[in-house]
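2 protein chains.
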Amino acid sequence: MYSSFIVNSLAIKMATNGIKHSISNGNGFAEVPATKLRKIENGKNGTLLGSTPDSIDNFLKEVVELALMEGFKSQERDDPVVRFEKPDELSNKMDLELGDGGESHEKLLECCKDIFKYSVKTGHPRFFNQLYGGLDPYGFAGQVITDVLNTSIYTYEVAPVFILMEKVLLEHMMKIIGYEKGDGTFCPGGSYSNLMGMHLGRCRKFPDIKEKGLRRLPRMVLFTSEHGHYSVKKNAALMGLPTDDVIKVKCDDRGKMCPKSLEEQILMLKGEGAVPFFVNATAGTTVLGAYDRFEEIADICKKYQIWMHVDAAWGGSALMSEKYKHLCKGMHRADSITWNQHKMMMAPLQCSSLLTRHPEILRKCNSIHVPYLFQTDKTTYDTSYDIGTKIIQCGRKVDSLKLWMLWKAKGNTGIAKQVEKAFDNAEYLAREIKKRPGFRLVLSEPECTNVCFWYIPPRMRDGITTWTSEDGYKRDLSKVAPIIKERMVERGSMLIGYQPLGDKPNFFRMVVMNEKVEHNDMDFVLDEIERLGADL
Amino acid sequence: MYSSFIVNSLAIKMATNGIKHSISNGNGFAEVPATKLRKIENGKNGTLLGSTPDSIDNFLKEVVELALMEGFKSQERDDPVVRFEKPDELSNKMDLELGDGGESHEKLLECCKDIFKYSVKTGHPRFFNQLYGGLDPYGFAGQVITDVLNTSIYTYEVAPVFILMEKVLLEHMMKIIGYEKGDGTFCPGGSYSNLMGMHLGRCRKFPDIKEKGLRRLPRMVLFTSEHGHYSVKKNAALMGLPTDDVIKVKCDDRGKMCPKSLEEQILMLKGEGAVPFFVNATAGTTVLGAYDRFEEIADICKKYQIWMHVDAAWGGSALMSEKYKHLCKGMHRADSITWNQHKMMMAPLQCSSLLTRHPEILRKCNSIHVPYLFQTDKTTYDTSYDIGTKIIQCGRKVDSLKLWMLWKAKGNTGIAKQVEKAFDNAEYLAREIKKRPGFRLVLSEPECTNVCFWYIPPRMRDGITTWTSEDGYKRDLSKVAPIIKERMVERGSMLIGYQPLGDKPNFFRMVVMNEKVEHNDMDFVLDEIERLGADL
Chain L
7 MYSSFIVNSL AIKMATNGIK HSISNGNGFA EVPATKLRKI ENGKNGTLLG
57 STPDSIDNFL KEVVELALME GFKSQERDDP VVRFEKPDEL SNKMDLELGD
107 GGESHEKLLE CCKDIFKYSV KTGHPRFFNQ LYGGLDPYGF AGQVITDVLN
157 TSIYTYEVAP VFILMEKVLL EHMMKIIGYE KGDGTFCPGG SYSNLMGMHL
207 GRCRKFPDIK EKGLRRLPRM VLFTSEHGHY SVKKNAALMG LPTDDVIKVK
257 CDDRGKMCPK SLEEQILMLK GEGAVPFFVN ATAGTTVLGA YDRFEEIADI
307 CKKYQIWMHV DAAWGGSALM SEKYKHLCKG MHRADSITWN QHKMMMAPLQ
357 CSSLLTRHPE ILRKCNSIHV PYLFQTDKTT YDTSYDIGTK IIQCGRKVDS
407 LKLWMLWKAK GNTGIAKQVE KAFDNAEYLA REIKKRPGFR LVLSEPECTN
457 VCFWYIPPRM RDGITTWTSE DGYKRDLSKV APIIKERMVE RGSMLIGYQP
507 LGDKPNFFRM VVMNEKVEHN DMDFVLDEIE RLGADL
Chain R
7 MYSSFIVNSL AIKMATNGIK HSISNGNGFA EVPATKLRKI ENGKNGTLLG
57 STPDSIDNFL KEVVELALME GFKSQERDDP VVRFEKPDEL SNKMDLELGD
107 GGESHEKLLE CCKDIFKYSV KTGHPRFFNQ LYGGLDPYGF AGQVITDVLN
157 TSIYTYEVAP VFILMEKVLL EHMMKIIGYE KGDGTFCPGG SYSNLMGMHL
207 GRCRKFPDIK EKGLRRLPRM VLFTSEHGHY SVKKNAALMG LPTDDVIKVK
257 CDDRGKMCPK SLEEQILMLK GEGAVPFFVN ATAGTTVLGA YDRFEEIADI
307 CKKYQIWMHV DAAWGGSALM SEKYKHLCKG MHRADSITWN QHKMMMAPLQ
357 CSSLLTRHPE ILRKCNSIHV PYLFQTDKTT YDTSYDIGTK IIQCGRKVDS
407 LKLWMLWKAK GNTGIAKQVE KAFDNAEYLA REIKKRPGFR LVLSEPECTN
457 VCFWYIPPRM RDGITTWTSE DGYKRDLSKV APIIKERMVE RGSMLIGYQP
507 LGDKPNFFRM VVMNEKVEHN DMDFVLDEIE RLGADL
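Chains L and R, in that order, give the protein sequences. All residue numbers for the first sequence refer to this note's numbering, where the first residue is 7 and numbers rise by one. All residue numbers for the second sequence refer to this note's numbering, where the first residue is 7 and numbers rise by one.
So here's chain L without its partners, still in its complex pose:
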């Protein structure tokens, strides 16, 4: 589909060797305005070490052409998703070593080609391996501009446009969530957004924590479901909390946190003298894609004055669709929300936001006096635009432009269609799975666009009705997915992840979000698994 661009580039490349000559002798090319040309020729301000400016021009041009061609060409279904090589072999095939001398542009271009050749094509319509995928051209365009403008989003002084843009985005997202007021920030990844939520919740409950530290405060405990993301536990350890004080709340058989268990645990821990300060609910769990019951959890959090956070990193994008936003019902009652736009909304990596309904909490929790960066005697503008005081980091990469560009291009409506297409594909897949004797869904009705299922090879199908109670059968079944995965990787035809969960042996987790994915890709997935696993 990027045909005309690629054809243009190729044709131009072949046709215009010595284009500078072409311009001067005017053989068929339109004339470049003299003023523009003068401007450009004046532009020699310093030489890059080791290369002449002209050759750098050409190098850049070739890399960009290669990137666009390889990147967007890799979306062809008959291209492999991966050309897999084991680490040692790949090391031998590529020249990755660094040394004293620099390399020629020819050599660098060879390296670039190898990088593309051996990298996984996450933009490929048959990449279903992670909670990200696809290559959105508008998001990509935003990335390229971000790369060129190469700045850090901490002060208005060095990032005026991006600071306004981030503000617009955050306010737009808050409106979609249903926050009447609030604040937010982009974070380097969903784990970090969750960390920020936990940090805010703790600051809110213990406003003097900065001065006192954990040792002079009561025992504080937090809650997450047994299917909640592992970042909650990792973050707690970083924050100085013992693992045992991260209370795992039981889930029902659909993977949703049991509100009743949550309340029981809260009461039990309060009885022990501990202070519950944080509940992590989830919108779209990592494996099963379950949405917690936000209204009920919000009632409990309100009752016990606990900060409610929703990790909607994966499933939050359902908010964009009139048809599916009911899944997030009650989410607006959360004190803070993690929402990754680099997942179902297909913004390029990384794009994760943390939103809170408390307008002042970010600055209150994170601001310290830093005169070299955040001058308070600036006369040029209102320094509340220096948003670097709201976060834990100092420098922060601009993540807003790629998302803004995508959003501006597609509008709420375009993004809604994209999200609905992902849900439609997932629903189709679930229906097809039910029709095939060799497949079995883990949840009878998947809620989000991750569809979890077992493939059961022909020789094992007799045991299918009783397998849950048979340990030997489970052990056998748990070996099926890894072997199919190995074959899939070697063939490079598609990529899907697998994992066990609790007492459930290894099963596949299909993740659908790329808007290029069609129903026949879903059929292909099932057919391919049957081809790869029929002999097991």
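Any given hint could turn out to be false.
No copy is singled out in the list; a pair is fine if it fits within one copy or between any two copies.
Claimed, not checked - Below are the DSS-like pairs computed for lysine-lysine, each with C-alpha atoms no more than 25 Å apart in a straight line:
(1) Lys-396 to Lys-254
(2) Lys-123 to Lys-485
(3) Lys-370 to Lys-254
(4) Lys-99 to Lys-173
(5) Lys-480 to Lys-440
(6) Lys-239 to Lys-396
(7) Lys-384 to Lys-92
(8) Lys-173 to Lys-331
(9) Lys-370 to Lys-396
(10) Lys-67 to Lys-119
(11) Lys-67 to Lys-123
(12) Lys-440 to Lys-485
(13) Lys-218 to Lys-256
(14) Lys-384 to Lys-256
(15) Lys-276 to Lys-216
Bear in mind the hints are in silico, worked out from the structure with no lab data behind them.
With chain L fixed as given, assemble chain R onto it according to the hints.
Chain R only, in chain L's frame:
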């Protein structure tokens, strides 16, 4: 200097309206091989919502051309570094709002032009405002490829090339530092790298902290110099430590931490029953650019069994130069080091590394069992390549390729020259400042490439010899830099930061690293400040 690319693009754009037709009728263009063409035409797999594929092609092509032209053209000295507008005015001049409908490509391109128009040109040779700057074409090329390949560097399964590349880079950097063995990771920014260093130091001293948490462990204290980066304090708060337990060690008049004071403070706190677990030394402080005395600090840390971290985010790149690496003498004795390649090495933002001489500590401190992502029953490769288990985050953006590309292109030697050029410019600037009556250096001999100085307007020069004791004079002097800064911003001729430090009133901090900067840019800076401030 990007003349030929830009001229090519312009000429091509003007000459090739209707290029598809040109190809089919062959009027002057070389033929595209038939197989290639077929391949490209087959590539229509799905339609992007709201636009036809052809128009997306053109849009992408135009954005990339614009980005390259604007980004690299902005390096002209006669272009403004910034076209400043106050937040409200800028909001009015740009169309940033998001809504239900999407926008046309024409509209989006207008927005892109505005983004460039009003953004600060950090690649401009007269941008001296932050500890980053410049736009390295090799780094940029690496970014574009990273953007196209859009993956997360946690498993070899989805990032095979990048995982090997990061390994090569980290090993290369460890060799340069002088680590015989060790490990490392890239982090989203220097504050985060410092956080990781603190986290590792705490895990090392209290291996059972995950289970026990801070409340069941002794009081733990850490040390940093009064000029150390503010992230140490912010990170400590996040980690649950009270601010008072971040001990600020005195500096000498060159801005270096006093080892004697450090040892005294350690002894005092041990006497109080506290456990010192972490010392943060600095290679190139944020404002003055001072390098701490690493050998002496290492001796103290060894004696009291304290984790020694060096925040070399800014000054670590001196390691690249035979001439300047003496500044980092003894740094290899540190347990961990933060080194930002997006600063003096000019890698695009963000590129920050954390290195440690303890090979197992990253995984030991951060690994938890996460079956859905880090399958242990994989048969395709050695899962020690799944480096996501070594960090706090889950997904992580690929920061290695941009740095690798830059390093591969320039080699150690090319980077050394670049770093030495920055030092040479700073030394030249310091010499010129000494010659001019209106200027006064804050440190008589700057160590790194940040040069701090006051500008003293003509009417105030009489007081220059006694100013340190005169409070009224100080107050007057502290108003000079903000006004000059305001005028500089309005004029857009250059950007330099200022701040007070301790009892020193506002002074300018010039930061030099961009390899395009020449001695006459240093002259320009001083001349321009004189022009802007002569009437004050």
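Status of each hint after checking the structure:
1. In this assembly of identical chains, the alpha carbons of Lys-396 and Lys-254 lie at most 25 Å apart only when taken from different copies (23 Å versus 30 Å within one copy).
2. Taking the shortest alpha-carbon separations for Lys-123 and Lys-485, neither the intra-copy value of 30 Å nor the inter-copy value of 58 Å comes in at or below 25 Å.
3. Proximity of Lys-370 to Lys-254 under the C-alpha cut-off of 25 Å is restricted to the inter-copy arrangement: shortest distance 23 Å between copies versus 29 Å within a copy.
4. Taking the closest pair of Cα atoms, Lys-99 and Lys-173 come within 25 Å of each other only across two copies (16 Å); inside a single copy the shortest separation is 46 Å, beyond that limit.
5. Proximity of Lys-480 to Lys-440 under the C-alpha cut-off of 25 Å is restricted to the intra-copy arrangement: shortest distance 20 Å within a copy versus 79 Å between copies.
6. Taking the closest pair of Cα atoms, Lys-239 and Lys-396 come within 25 Å of each other both inside a single copy (24 Å) and across two copies (15 Å).
7. Within a single copy, Lys-384 and Lys-92 get their C-alpha atoms only as close as 55 Å, which misses the 25 Å cut-off; across copies the closest is 12 Å, which meets it.
8. Only within a single protomer do Lys-173 and Lys-331 lie at most 25 Å apart by alpha-carbon distance; the minimum there is 23 Å, versus 43 Å between protomers.
9. For the homomeric pair Lys-370 and Lys-396, the shortest alpha-carbon distance inside one copy (8 Å) is at most 25 Å, but the shortest distance between copies (31 Å) is not.
10. Proximity of Lys-67 and Lys-119 under a CA criterion of 25 Å is satisfied in both settings, with 14 Å inside one chain copy and 21 Å between copies.
11. In this assembly of identical chains, the alpha carbons of Lys-67 and Lys-123 lie at most 25 Å apart whether taken from the same copy (19 Å) or from different copies (23 Å).
12. Proximity of Lys-440 to Lys-485 under the C-alpha cut-off of 25 Å is restricted to the intra-copy arrangement: shortest distance 22 Å within a copy versus 74 Å between copies.
13. Proximity of Lys-218 and Lys-256 under a CA criterion of 25 Å is satisfied inter-copy only: 23 Å between copies versus 33 Å inside one chain copy.
14. Neither within a single protomer nor between protomers do Lys-384 and Lys-256 lie at most 25 Å apart by alpha-carbon distance, with minima of 53 Å and 29 Å respectively.
15. In this assembly of identical chains, the alpha carbons of Lys-276 and Lys-216 lie at most 25 Å apart whether taken from the same copy (23 Å) or from different copies (22 Å).
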